[in-house]
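Engineer: Order-wise, the sequence lines are chains D and A. Take the first sequence: its position 236, counted from the start at 1, is 236 in my numbering, and no numbers get skipped. Take the second sequence: its position 9, counted from the start at 1, is 9 in my numbering, and no numbers get skipped.
A couple of the hints might just be wrong.
Copies of the same chain look alike in the list, so a pair counts if it works inside one copy or between any two.
What the hints assert, rightly or not - Below, computed lysine-lysine pairings styled on DSS-like, alpha-carbon distance capped at 30 Å:
(1) LYS215 / LYS132
(2) LYS139 / LYS215
(3) LYS144 / LYS104
Bear in mind the hints are in silico, worked out from the structure with no lab data behind them. The structure presented is a predicted model; accordingly, all values stated were derived computationally and were not measured.
Number of protein chains: 2
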Amino acid sequence: MKHYLDQKRILNAVDCIIFGYAEDEIKLLVIQRGFEPFKGKWSLVGGFVKENESTEDAASRVLKNLTGLDGVYMEQLHTFSEPGRDTLERTISTAYFALIDIKKYKQQLSDDYNPVWFPINQTPNLIFDHHKMVELAKKKLRDKASLHPLLFELLPNKFTIPQLKNLYECLYDAEFDKGNFSRKMHSSGLLVKQKDKERHTSKKGAFYYKLNLRKYNSNLHAILNLVSKPDNLKSRKTK
Amino acid sequence: MKHYLDQKRILNAVDCIIFGYAEDEIKLLVIQRGFEPFKGKWSLVGGFVKENESTEDAASRVLKNLTGLDGVYMEQLHTFSEPGRDTLERTISTAYFALIDIKKYKQQLSDDYNPVWFPINQTPNLIFDHHKMVELAKKKLRDKASLHPLLFELLPNKFTIPQLKNLYECLYDAEFDKGNFSRKMHSSGLLVKQKDKERHTSKKGAFYYKLNLRKYNSNLHAILNLVSKPDNLKSRKTK
DNA sequence: CCAAAAGTGTTGTGATTACACCCATGT
DNA sequence: ACATGGGTGTAATCACAACACTTTTGG
Numbered sequence: 001m002k003h004y005l006d007q008k009r010i011l012n013a014v015d016c017i018i019f020g021y022a023e024d025e026i027k028l029l030v031i032q033r034g035f036e037p038f039k040g041k042w043s044l045v046g047g048f049v050k051e052n053e054s055t056e057d058a059a060s061r062v063l064k065n066l067t068g069l070d071g072v073y074m075e076q077l078h079t080f081s082e083p084g085r086d087t088l089e090r091t092i093s094t095a096y097f098a099l100i101d102i103k104k105y106k107q108q109l110s111d112d113y114n115p116v117w118f119p120i121n122q123t124p125n126l127i128f129d130h131h132k133m134v135e136l137a138k139k140k141l142r143d144k145a146s147l148h149p150l151l152f153e154l155l156p157n158k159f160t161i162p163q164l165k166n167l168y169e170c171l172y173d174a175e176f177d178k179g180n181f182s183r184k185m186h187s188s189g190l191l192v193k194q195k196d197k198e199r200h201t202s203k204k205g206a207f208y209y210k211l212n213l214r215k216y217n218s219n220l221h222a223i224l225n226l227v228s229k230p231d232n233l234k235s236r237k238t239k
Numbered sequence: 001m002k003h004y005l006d007q008k009r010i011l012n013a014v015d016c017i018i019f020g021y022a023e024d025e026i027k028l029l030v031i032q033r034g035f036e037p038f039k040g041k042w043s044l045v046g047g048f049v050k051e052n053e054s055t056e057d058a059a060s061r062v063l064k065n066l067t068g069l070d071g072v073y074m075e076q077l078h079t080f081s082e083p084g085r086d087t088l089e090r091t092i093s094t095a096y097f098a099l100i101d102i103k104k105y106k107q108q109l110s111d112d113y114n115p116v117w118f119p120i121n122q123t124p125n126l127i128f129d130h131h132k133m134v135e136l137a138k139k140k141l142r143d144k145a146s147l148h149p150l151l152f153e154l155l156p157n158k159f160t161i162p163q164l165k166n167l168y169e170c171l172y173d174a175e176f177d178k179g180n181f182s183r184k185m186h187s188s189g190l191l192v193k194q195k196d197k198e199r200h201t202s203k204k205g206a207f208y209y210k211l212n213l214r215k216y217n218s219n220l221h222a223i224l225n226l227v228s229k230p231d232n233l234k235s236r237k238t239k
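Model the full structure from these sequences, guided by the hints.
Structural biologist: So, in structure tokens, the structure goes:
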């Protein structure tokens, strides 16, 4: 018969994998630690779980401290618990991934760390098993976004269909047919056409759309078969 | 700046949601506690995480203790961490779900608890938030099995296609067309036809199949579109 | 020889792809 | 006027559901 007195001290932490989207790239927010231990090393934002909060609360708190943002899309990813994963203490960390509109993000004042957005495929070396966390988060984002319309969380309120298409193309490193992509998005019923156009990236200009929030919130499984089959990919990007 | 000294004692546990399949039903293995606290109450099997093991190791250990089985299909489900979830101690529990061949299961000798298989939709009241864990596990099993061929883990080495079909029908509470089901399974390339037949449930008899293990292990995404759309369901069962 | 379940063949439908074409506009 | 990217139309193809049909064998 097991009893908790068997258990030596284990610390509980959370780490956040924060994704954003800007300049036609998906980005990851990491910090450079300004304090010991591991001063100068790159790391995900994280923190210890307090006695009276859940890991969800802890992750929200950490995220808010770093970005100033509340009510962000966040989801539990996985709990990492290898005895040697944290080289200083025995720590079990529950990882969360978050999607934010990068334009809403405002760096909070802090001397503790220096936050930087890295393109998702050019991240620096990270401490502990944080690289594993990022890889798993990327995989989960891809898997989930192929069935659920959650990439909207990365875009501003108003966006164009070519912008949306580019976002999907980044995530899957593939090209989609503009016609078919547009039809599929429209058929989801999630888009509300605006009267104005975005006129920077093309001469004709692309209409802005907003998300139909009622539909988005009620029907989180609308986008079926967007990227399910390999044949949907026209060709691997090689650039 | 946060430091681990802020953290009061939090215990780390694991709980296992163990699924089996027998008598044309999906079952859940739960225990009745033979010791205080909560003597006589139903609960998932669980245990505390030891200092030198991961939560995965802890879950495997707990599972082996209860069932005598090694190398079982197991997957991390979710970490439950609400401060009030365990009414005795502040405990964070990482839940794992496992799929076992119920015929291989042998009850291990133990006076500590009385394990019982319950049909998945007739489970007793469980302590703490274990009911939540079971519900999430059921949802995850359904979601995952619609894309990945993991239900084979619930069947014996040799099985027939009607058996497999019945398993899917149980999980989704739906009926599938035998012709289409059979074709889809064959087209996955995962089935190896045997020479003998199962002759209890029908006069004609149904051929046994074995799993193509090489393919199964290399290609964990073979079964696409088995249950993706609601239209695939002929009719809700009402029995 | 018939009932019952396994297993195969076939057809219509709807989704999807690939690609041609039209549109709006800044230079 | 023409190049450029946004946006629409459409034919061919493919996957799938539905269901009729054949097979096997115990009673």
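Engineer: Each hint needs a verdict: does it hold in this structure or not?
Structural biologist: Taking the hints in turn, this is what the structure says about them:
With identical chains, the CA atoms of LYS215 and LYS132 are at most 30 Å apart between copies only, with a shortest distance of 26 Å across copies and 34 Å within one. In this homomeric assembly, LYS139 and LYS215 come within 30 Å of each other (Cα to Cα) both inside a single copy, at 26 Å, and across copies, at 22 Å. In the homo-oligomer, the alpha carbons of LYS144 and LYS104 lie at most 30 Å apart inside one protomer (23 Å), although the nearest pairing across protomers, at 34 Å, exceeds that limit.
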